[in-house]
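K.L.:
When you get a sec, could you build the whole thing from the sequences and use the hints?
Just add 32 to the spot in the sequence shown (first one is 1) and you have our numbering.
One should not assume that every hint holds.
[Claimed, not checked] Across the chosen pairs, the derived CB separations fall in these ranges:
hint, residue 1, residue 2, range
1, 47, 94, 18 to 24 angstroms
2, 94, 74, 29 to 35 angstroms
3, 95, 71, 28 to 34 angstroms
4, 95, 68, 30 to 36 angstroms
5, 95, 69, 32 to 38 angstroms
6, 43, 95, 32 to 38 angstroms
7, 50, 97, 42 to 48 angstroms
8, 53, 80, 34 to 40 angstroms
9, 93, 70, 27 to 33 angstroms
10, 38, 61, 25 to 31 angstroms
11, 35, 96, 17 to 23 angstroms
12, 92, 51, 16 to 22 angstroms
13, 62, 33, 19 to 25 angstroms
Think of the hints as simulated: they come from the structure by calculation, not from any bench.
Where a beta carbon is used, it is the ideal one built from N, C-alpha and C, also for glycine.
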Amino acid sequence: MTDAASRYAQVLADLAKAGLRVVVIESRDEELVTVKTTRGIHVFTVGRELALEVGLLKRPPATPKQ
33 MTDAASRYAQ VLADLAKAGL RVVVIESRDE ELVTVKTTRG IHVFTVGREL
83 ALEVGLLKRP PATPKQ
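P.N.:
Laid out in structure tokens, this is it:
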């Protein structure tokens, strides 16, 4: 995990520890991922690859080679 991913993961852990729930929203073009509290307060926005690294999104299953 990169330093940036570790920092974002720590922010999420701190929010969870404080009892705050978050919502993960993917942009229409699927390039950005935004995290907000359930009350609508913006926490951060990151690129898709970093969101995958942090665990905000699941990687699509790999298609078998034919």
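K.L.:
Could you tell me which of the hints above the structure violates, numbers in ascending order?
P.N.:
1, 3, 8, 11 and 12
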